[in-house]
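These two chains come separately, so use the hints to put the complex back together.
Going line by line, the protein sequences match chains F and Y.
The numbering of the first sequence is this note's numbering, which starts it at 1 and goes up by one.
The numbering of the second sequence is this note's numbering, which starts it at 1 and goes up by one.
Because the hints were derived from the structure by calculation, they are not lab data.
Warning: the hint list may mix true and false statements.
[As the list claims (entries may be wrong)] With a straight-line Cα cutoff of 20 Å, these simulated SDA-like cross-link-like pairs (lysine to any residue) come out:
hint	chain 1	residue 1	chain 2	residue 2
1	F	K264	F	F296
2	F	K59	Y	I35
3	F	K59	Y	R33
4	Y	K83	F	S3
5	F	K59	Y	S39
6	F	K59	Y	I38
7	F	K59	Y	N46
8	F	K59	Y	M15
9	F	K67	Y	E58
10	F	K59	Y	Q37
11	F	K59	Y	G40
12	Y	K83	F	L4
13	Y	K83	F	A9
14	Y	K83	F	R6
15	F	K67	Y	F78
16	Y	K87	F	L4
17	F	K59	Y	E36
18	Y	K87	F	R6
19	F	K59	Y	R34
20	Y	K83	F	R5
Read off the chains here:
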Amino acid sequence: MKSLRRLLARLFNVITHRIARDQDARLREEIADHIALQTEENLRAGLSPIEARRQAMVKFGGIEAVKQDYRAERGFLFFDHLARDLRFAFRMLRKSPGFTCVALLTLALAIGANAVVFSALNDCILRPLNVPQPESFYGMQFCEANHNAQSYPNFQDFRDRNRTLDGLAAYDMDQVGVDTGDNSSRAWLYEVSGNYFDVLRIRPYLGIFFHSPDEHGAGSAPYIVLSYGYWHARFQDDAGVVGRTVKLNERPFTIIGVAPPEFKGTFLLLSPDFFVPMVSREDAGTFDSRSGRWIFELVGHLKPGVTREQAAAGLNSICGYLHET
Amino acid sequence: MKQKSDVLQGTLALMVLKTLDVLGPLHGYGIARRIEQISGDLLAVNQGTLYPVLLKLEQEGSIASDWGASENNRRARFYRLTKDGRKQLRAETKDWQQTSGIIGRFFEVKAEDLS
Chain F
1 MKSLRRLLAR LFNVITHRIA RDQDARLREE IADHIALQTE ENLRAGLSPI
51 EARRQAMVKF GGIEAVKQDY RAERGFLFFD HLARDLRFAF RMLRKSPGFT
101 CVALLTLALA IGANAVVFSA LNDCILRPLN VPQPESFYGM QFCEANHNAQ
151 SYPNFQDFRD RNRTLDGLAA YDMDQVGVDT GDNSSRAWLY EVSGNYFDVL
201 RIRPYLGIFF HSPDEHGAGS APYIVLSYGY WHARFQDDAG VVGRTVKLNE
251 RPFTIIGVAP PEFKGTFLLL SPDFFVPMVS REDAGTFDSR SGRWIFELVG
301 HLKPGVTREQ AAAGLNSICG YLHET
Chain Y
1 MKQKSDVLQG TLALMVLKTL DVLGPLHGYG IARRIEQISG DLLAVNQGTL
51 YPVLLKLEQE GSIASDWGAS ENNRRARFYR LTKDGRKQLR AETKDWQQTS
101 GIIGRFFEVK AEDLS
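Looking at chain Y on its own, in the form it has when it is part of the complex (with noise of 0.2 Å):
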């Protein structure tokens, strides 16, 4: 159980991360329904868990927060991408990719490929 939510909180963040770039600040709700959106199922349950990641990701100095006004004219806190953030996520991008890559090579070999 506690394993399965650490990988959740690492693919979590890089997640938050990916989302912030390519859409710019959000609020917590706004994340939360993007990563639902592209990720499926991942995250319809638990939604709260994505704050203690935000708050990581904060004190890491990866993201920054501010208050601010959300569409319906509430105070909303906002999340924004920091210049340390878009160096950790291109530096775990490439990380993602190299580790994806080999264990679908892994998943691919068949026993004749090894003999």
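Same shape as in the complex, but just chain F (with noise of 0.2 Å):
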């Protein structure tokens, strides 16, 4: 009790530095009256004026070691040292801004770099993706190395012919304008083929997914299925947007589901505001052509008992049939 009173009256010192001062006065009055009152009796002992006040000195002691006691017994001189560097260093910066310029520089710059760096690898590496099973899913490149893009034919190809593959989905991102009817805005998508969320293993927050069924060539479909966040953000956690129409694009879309919160999509440097089917596009020419390599990645599951190399075996046998043809 006697030892909290004394540190929170140290504390109390260290952070009214007013008051210390008001006490250094305190003790240089304290100690000139000690040294008066010891001066006088010494004189009425028969001691010379100049004499007197010496021998009263000598008895009192180092004056400065007393007043360096005091200190260290008010405060916490650790503190009161930090805080008389830390001025130092504020002036000595503020006489030299050139220096100060660039070290703060080289600093922001640093710091700002290595944040870059290790949110950019903590999206790619640290965090794995948010799907279930996620040991036995694989994103895949075909053919030929540094393309992962496929065209809508292949993909079909590959979805229909391997054997190693627990199904195997399609998604490309686009950004697209998007109208509620009361005010527009840009957003993220995704486009992805309609066994997506199948293939993924992924269940509804609210409402329906949409399904290979759903698709009927170009144009058709033309489905929302709204990422937990962007329903969050945009339509404040409104059940009913479950049947709303929007326009993306000039074009009606039906809202008819929205994921789940932990699921941001399969690429994760990019998570979507929503999902729509891919064949939901009008052009058929996009889903016809094999030269036009426009779908960002393929990805699925592997069949149990499948490895690595079954997989990239039998996927290459197709690559093989695609090239003869």
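Below you can see the structure in the form of structure tokens.
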């Protein structure tokens, strides 16, 4: 209790610097008093004025030492010195603004660069994709290295001819203008194959998802599945949005469901605001041409018991077939 | 050196409390003078070491201080014992007497007493 009271008093003294100065003045005054009284006493004892004062000083001892002890008792010298050092550092920095600017810029750039690299690594490597059974989930590059991108007919062949994958889905990313009736804005979407959510084994948070049977060629299945974040931010968690019609690039689409909160797409650097079936694209040409490689990536789960090498071999044989045709 | 001053500080604090208890409010010089008279030469040098002790006691709440007029009508800081200080003095006096009693008995012991 006693030491707690003392601790509080000392902390208080550290914080209130003005009071510290008062206390310094008080100590100075007490010391002066003390020495004056002792001098008077020495004078009464018959010493000469100079000798009386000298002996009073000797008896008191080192004044500076006492002052230092006093300050040490009063607060925490560590903080006093720290504050003094900081003030000194600040003064020196103000004296040489050129150096200060360079130092500040260096620090800012270094911290900024590190933060960027870390957040990129965090997104790409440290955090796994949020899909069920991520251990068997793979993205695929086909035929020619450096080419993730696939044409729609190639995707269909890979999807239908492989025996090693438990379904194969495709997705692409794009920006689109959204008109909800009362305002319009831009948003990021994934254009996905109809089987996307089924291949990923994801269930809707709200409403329903679209499926392969909904696809009926170019311009069909104008459905929207919102991401949870977009639903929360733009529609204030309103469950009534299911069934509502909004316009994407001037074409009407129907909102049919909301994805679960933990699902943020299959490309970690870009989580979409919502998902639409890729077949909702109107130009039929994009679905016929084998040379139009516009699909960003194909993804799927390996079948149970199938290794990566077996899957790769299976897909390579399909590549061989595609090259022949 | 350090240890010696620690011990001195502890005994000095007790002496300050006792002095204020017996004589009532006093200024720093008065306390130093009184302790010097009673203790002989213990405080003859370095009277200044009293002031950090006074501050410590004040922060602990054992003593309090106010400005007042000294005997020759100068402004001086007067220290007085608080209720907590009186309690502390009682406790420490008892401790001190016990300790010095035990130490005293140890010094009296001769080899034949232990056999």
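Going down the list of hints, with the structure as the test:
Taking the CA atoms of F/K264 and F/F296, the gap is about 16 Å. The hint holds against a cut of 20 Å. For the hint linking F/K59 to Y/I35, the alpha-carbon distance of about 14 Å falls within 20 Å, and the restraint holds. Of the supplied pair hints, the one linking F/K59 and Y/R33 holds, its CA atoms being roughly 11 Å apart against a limit of 20 Å. A threshold of 20 Å between alpha carbons decides the hint, and for Y/K83 with F/S3 the separation of about 17 Å falls inside it, so the pair holds.
A C-alpha spacing of about 15 Å is found between F/K59 and Y/S39, which places the hinted pair at or below 20 Å, so the restraint holds. Between the alpha carbons of F/K59 and Y/I38 the distance comes to roughly 16 Å, so the proposed pair stays at or under 20 Å and holds. Between F/K59 and Y/N46 the alpha-carbon distance is near 6 Å, which keeps this suggested pair within the 20 Å criterion. This hinted pair checks out: F/K59 and Y/M15 have alpha carbons roughly 19 Å apart, not beyond 20 Å.
Simply put, F/K67 and Y/E58 have alpha-carbon atoms about 16 Å apart, close enough for the 20 Å limit, and the pair holds. Only pairs whose Cα atoms come within 20 Å are accepted, and F/K59 paired with Y/Q37 is accepted, the gap being roughly 14 Å. With a C-alpha separation of about 14 Å, the suggested pair F/K59 and Y/G40 falls inside the 20 Å cut-off, and the hint holds. Among the hinted pairs, Y/K83 with F/L4 is consistent with the structure: their alpha-carbon atoms are about 17 Å apart, no more than 20 Å.
At roughly 18 Å between alpha-carbon atoms, Y/K83 and F/A9 fall within 20 Å of each other, so this suggested pair holds. Simply put, Y/K83 and F/R6 have alpha-carbon atoms about 16 Å apart, close enough for the 20 Å limit, and the pair holds. Straight-line distance between C-alpha atoms of F/K67 and Y/F78 comes to about 19 Å, which keeps the hinted pair within the 20 Å bound. Between Y/K87 and F/L4, the direct Cα distance comes to roughly 17 Å. Compliance with the 20 Å bound is thereby established for this hinted pair.
With a C-alpha separation of about 11 Å, the suggested pairing of F/K59 with Y/E36 holds against the 20 Å cut-off. With a C-alpha separation of about 17 Å, the suggested pairing of Y/K87 with F/R6 holds against the 20 Å cut-off. Between F/K59 and Y/R34 the alpha-carbon distance is near 14 Å, which keeps this suggested pair within the 20 Å criterion. Distance hint between Y/K83 and F/R5 is fulfilled; the C-alpha atoms sit about 15 Å from each other, no more than 20 Å.
Against the hints set out earlier in the document, no violation occurs for any number.
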